[in-house]
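Sequences listed follow chains A and B, in order.
150 is the number that my numbering gives to position 149 of the first sequence; each next residue is one higher, with no gaps.
188 is the number that my numbering gives to position 187 of the second sequence; each next residue is one higher, with no gaps.
Some clues are possibly wrong.
For chains that are exact copies, the list does not tell them apart, and a pair is met inside one copy or across any two.
As the list claims (entries may be wrong) - In silico SDA-like pairs for lysine to any residue, Cα to Cα no more than 25 Å straight-line: (1) 93 <-> 301; (2) 310 <-> 337; (3) 36 <-> 124; (4) 24 <-> 121; (5) 53 <-> 323; (6) 93 <-> 122; (7) 24 <-> 323; (8) 239 <-> 320; (9) 53 <-> 295; (10) 270 <-> 334; (11) 93 <-> 74; (12) 53 <-> 39; (13) 36 <-> 314; (14) 125 <-> 178; (15) 313 <-> 292; (16) 125 <-> 283; (17) 53 <-> 299; (18) 122 <-> 205; (19) 246 <-> 303.
No lab work stands behind these hints: they were computed from the structure.
Protein chains: 2
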Amino acid sequence: MSNLNPKIKLNKKRLPQIEELYKQILEGDRFALGKAITLIESNNPQHRKESKELISMCLKNKRNTLRIGITGSPGVGKSTLLENLGLYIIEKGYKPAILAIDPSSKISGGSILGDKTRMNKLSKSENAFIRPSPAGKSLGGVANKTKESVILVETAGYNPVFIETVGVGQSETAVHSMTDLFILLLQPGAGDEIQGIKRGIMEMADIIVVNKADGENIHNAEKTFAQYSNALGLLAKKESGWSTKIMMISAMENKGIDKLWDLILEFEKTVRSSGYFDTNRKKQNQEWFHDYLFNNLLEIFTNNPELKKIYKEVLEKVENGNMSLYEAGDYLIDILVK
Amino acid sequence: MSNLNPKIKLNKKRLPQIEELYKQILEGDRFALGKAITLIESNNPQHRKESKELISMCLKNKRNTLRIGITGSPGVGKSTLLENLGLYIIEKGYKPAILAIDPSSKISGGSILGDKTRMNKLSKSENAFIRPSPAGKSLGGVANKTKESVILVETAGYNPVFIETVGVGQSETAVHSMTDLFILLLQPGAGDEIQGIKRGIMEMADIIVVNKADGENIHNAEKTFAQYSNALGLLAKKESGWSTKIMMISAMENKGIDKLWDLILEFEKTVRSSGYFDTNRKKQNQEWFHDYLFNNLLEIFTNNPELKKIYKEVLEKVENGNMSLYEAGDYLIDILVK
Chain A
2 MSNLNPKIKL
12 NKKRLPQIEE
22 LYKQILEGDR
32 FALGKAITLI
42 ESNNPQHRKE
52 SKELISMCLK
62 NKRNTLRIGI
72 TGSPGVGKST
82 LLENLGLYII
92 EKGYKPAILA
102 IDPSSKISGG
112 SILGDKTRMN
122 KLSKSENAFI
132 RPSPAGKSLG
142 GVANKTKESV
152 ILVETAGYNP
162 VFIETVGVGQ
172 SETAVHSMTD
182 LFILLLQPGA
192 GDEIQGIKRG
202 IMEMADIIVV
212 NKADGENIHN
222 AEKTFAQYSN
232 ALGLLAKKES
242 GWSTKIMMIS
252 AMENKGIDKL
262 WDLILEFEKT
272 VRSSGYFDTN
282 RKKQNQEWFH
292 DYLFNNLLEI
302 FTNNPELKKI
312 YKEVLEKVEN
322 GNMSLYEAGD
332 YLIDILVK
Chain B
2 MSNLNPKIKL
12 NKKRLPQIEE
22 LYKQILEGDR
32 FALGKAITLI
42 ESNNPQHRKE
52 SKELISMCLK
62 NKRNTLRIGI
72 TGSPGVGKST
82 LLENLGLYII
92 EKGYKPAILA
102 IDPSSKISGG
112 SILGDKTRMN
122 KLSKSENAFI
132 RPSPAGKSLG
142 GVANKTKESV
152 ILVETAGYNP
162 VFIETVGVGQ
172 SETAVHSMTD
182 LFILLLQPGA
192 GDEIQGIKRG
202 IMEMADIIVV
212 NKADGENIHN
222 AEKTFAQYSN
232 ALGLLAKKES
242 GWSTKIMMIS
252 AMENKGIDKL
262 WDLILEFEKT
272 VRSSGYFDTN
282 RKKQNQEWFH
292 DYLFNNLLEI
302 FTNNPELKKI
312 YKEVLEKVEN
322 GNMSLYEAGD
332 YLIDILVK
């Protein structure tokens with residue numbers, strides 16, 4: 002804080018139990034880490050206060066990490082891939098963490114990672130940390146808690162962090178907005194419509210992986226590979242300077258996992274040296290901050306009973322077209338500032 | 002304002018020249034309408050103040066209008082369709098307005114509607130109003146100005162309002178968020194990738210129109226029709242209760258335009274009677290209001306030199322990970338409220 006404007010003074014009083022929890026996480030204590038994630042998943046106001054305190058401490062600890070988003074339809078083999086890729090990089094000295102966002106789990110009744118047995122070997126490793134999707138009413142809420150989980154697992158020394166999501170709804174956009182690298186996993190053979198993969202997702206992908214290039218599927222995998230290779234040629238170059246790569250693997254037969262990891266490292270090297278890595282992280286930090294700031298500015302209205310009443314009335318009038326959004330906005334801001 | 006909380010008092014002092022402009026628009030004066038759109042397109046602070054005043058007046062005037070978004074790749078025939086559909090409904094007593102969002106025009110060098118001659122007959126009609134995309138640095142800015150343009154043309158008595166966009170980038174989402182009905186126009190024959198249509202766009206569409214079902218293209222149009230009919234079956238039912246319809250037309254040969262209009266009216270009837278029409282408009286009004294509110298709350302920081310300095314320092318620290326977003330957010334809100 003030394004080079005901050007002298008007027009900027011933060012309340013330095015820490016909660017001792019949170020300081021203790023933080024130290025345990027920093028030492029890589031898995032039990033403390035699990036406890037911390039449970040804490041941030043809670044919406045209880047006191048827990049939120051403690052969570053913010055904890056995350057603030059963790060953010061001071063800069064870790065040189067890589068955050069990898071991975072999406073694909075159900076059944077495409079995400080868990081098998083993550084299991085084998087995770088085990089492969091543990092051999093190389095990494096400590097991967099796997100988090101999941103699955104806002105659809107409430108509807109479908111099953112979470113992607115609800116069953117840890119799908120990553121049987123990896124979940125038993127001391128060097129991996131696997132955590133299913135936090136429950137949440139809204140994608141925004143789930144996404145925020147996942148961002149906090151990323152900070153926590155990184156503080157505990159895990160790297161890279163994989164964030165897995167089923168390619169439905171808007172969750173891929175959320176995952177894309179919190180990762181450095183985005184991988185799209187495809188089934189062989191099936192056409193674009195049949196896979197339910199939105200083309201917008203393809204455009205977010207840095208690496209496209211055609212899985213199940215094994216047995217009878219090889220021919221179909223090659224067709225899909227060719228089809229997507231063609232389609233990739235039509236896409237504009239990415240802001241990062243990286244042009245999307247496509248490859249075939251067999252997660253089940255553990256084929257191509259090493260090449261995928263090489264490609265991930267090549268991506269990391271490219272975007273770190275171009276400066277995009279830092280620019281992108283900055284942008285993500287800014288977005289997270291703006292979201293927080295906006296929601297808390299709104300809370301000024303909703304937490305004060307009198308202001309809440311005014312806000313509700315004004316909002317209703319705006320929704321029904323009885324008051325101009327400009328008059329309403331200026332009016333509320335006037336109340337706030339004066 | 003009668004049933005507002007007595008404490009809610011708005012500054013009723015109006016700018017006389019804006020009041021005058023408003024009256025002229027209300028009378029359907031095309032020259033005044035053009036002038037007003039030029040005013041809202043300006044970013045000059047005084048012009049912005051006047052624009053907000055004008056839009057606030059217009060919003061008080063409730064019009065029973067239909068806002069129709071239309072998207073499709075360049076060359077798919079949007080202008081030809083709009084020309085013929087526009088002329089068709091003018092015969093029925095409507096006064097259509099056509100606005101365009103084309104954030105790509107700066108790059109491609111040409112605006113969708115830059116050339117009014119593409120809607121030669123329609124642009125000469127006294128009962129139609131055509132306006133190309135406002136220039137703007139960001140899609141957000143362009144989208145806001147388009148929303149204001151919609152309010153202006155509706156106040157001048159135009160209905161329905163068509164908002165046209167090229168199916169690239171994020172502009173379709175913006176158009177979708179300001180319309181009641183969304184039409185996707187497709188080329189015959191070409192596959193999903195080749196058309197550059199994102200599947201996300203298909204999911205937004207209420208009506209999918211395969212154009213150019215004429216001459217040698219008929220067979221291809223039928224293929225595309227069948228292909229998309231199949232794909233539609235895989236989509237989840239829309240929130241509106243309307244299931245997406247698909248049809249073939251030939252805009253050039255003026256075939257199917259009447260059936261398309263019937264379908265548009267059927268959609269309108271369905272969503273109005275289900276209540277979705279109103280719910281959706283309310284939601285859109287709320288979003289617009291929240292955007293405005295947030296941007297103006299941020300402006301409190303950027304307009305005051307001292308606060309701006311603090312905000313910039315804090316933001317930089319957050320971006321670089323030197324300060325927690327929570328500490329930063331709480332700190333800024335404390336300054337604001339205290």
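Tested hints:
1. For a Cα distance limit of 25 Å, the shortest separation of residue 93 from residue 301 qualifies neither inside one copy, at 49 Å, nor across copies, at 51 Å.
2. When the C-alpha separation of residue 310 and residue 337 is checked against a cutoff of 25 Å, the pair qualifies both within a copy, at 14 Å, and between copies, at 20 Å.
3. With identical chains, the CA atoms of residue 36 and residue 124 are at most 25 Å apart within one copy only, with a shortest distance of 17 Å there and 66 Å across copies.
4. Taking the closest pair of Cα atoms, residue 24 and residue 121 never come within 25 Å of each other, the shortest separation being 30 Å inside a single copy and 72 Å across copies.
5. In the homo-oligomer, the alpha carbons of residue 53 and residue 323 lie at most 25 Å apart only across protomers (15 Å), although the nearest pairing inside one protomer, at 39 Å, exceeds that limit.
6. In this homomeric assembly, residue 93 and residue 122 come within 25 Å of each other (Cα to Cα) only inside a single copy, at 16 Å, whereas the closest approach across copies is 70 Å.
7. Proximity of residue 24 and residue 323 under a CA criterion of 25 Å is satisfied inter-copy only: 19 Å between copies versus 54 Å inside one chain copy.
8. Taking identical chains as interchangeable, the C-alpha atoms of residue 239 and residue 320 lie at most 25 Å apart only when they sit on different chains, with a minimum of 22 Å there against 38 Å within one chain.
9. For a Cα distance limit of 25 Å, the shortest separation of residue 53 from residue 295 qualifies both inside one copy, at 16 Å, and across copies, at 22 Å.
10. In this assembly of identical chains, the alpha carbons of residue 270 and residue 334 never lie at most 25 Å apart, being 46 Å within a copy and 39 Å across copies at closest.
11. For a Cα distance limit of 25 Å, the shortest separation of residue 93 from residue 74 qualifies neither inside one copy, at 29 Å, nor across copies, at 47 Å.
12. Taking identical chains as interchangeable, the C-alpha atoms of residue 53 and residue 39 lie at most 25 Å apart only when both belong to the same chain, with a minimum of 13 Å there against 46 Å between chains.
13. Taking the shortest alpha-carbon separations for residue 36 and residue 314, neither the intra-copy value of 41 Å nor the inter-copy value of 34 Å comes in at or below 25 Å.
14. Within a single copy, residue 125 and residue 178 get their C-alpha atoms no closer than 30 Å, and across copies no closer than 47 Å, so neither meets the 25 Å cut-off.
15. Proximity of residue 313 and residue 292 under a CA criterion of 25 Å is satisfied in both settings, with 21 Å inside one chain copy and 16 Å between copies.
16. In this homomeric assembly, residue 125 and residue 283 never come within 25 Å of each other (Cα to Cα): the closest approach is 35 Å inside a single copy and 50 Å across copies.
17. Taking identical chains as interchangeable, the C-alpha atoms of residue 53 and residue 299 lie at most 25 Å apart whether they share a chain (18 Å) or sit on different chains (22 Å).
18. Neither within a single protomer nor between protomers do residue 122 and residue 205 lie at most 25 Å apart by alpha-carbon distance, with minima of 30 Å and 41 Å respectively.
19. In this assembly of identical chains, the alpha carbons of residue 246 and residue 303 never lie at most 25 Å apart, being 47 Å within a copy and 41 Å across copies at closest.
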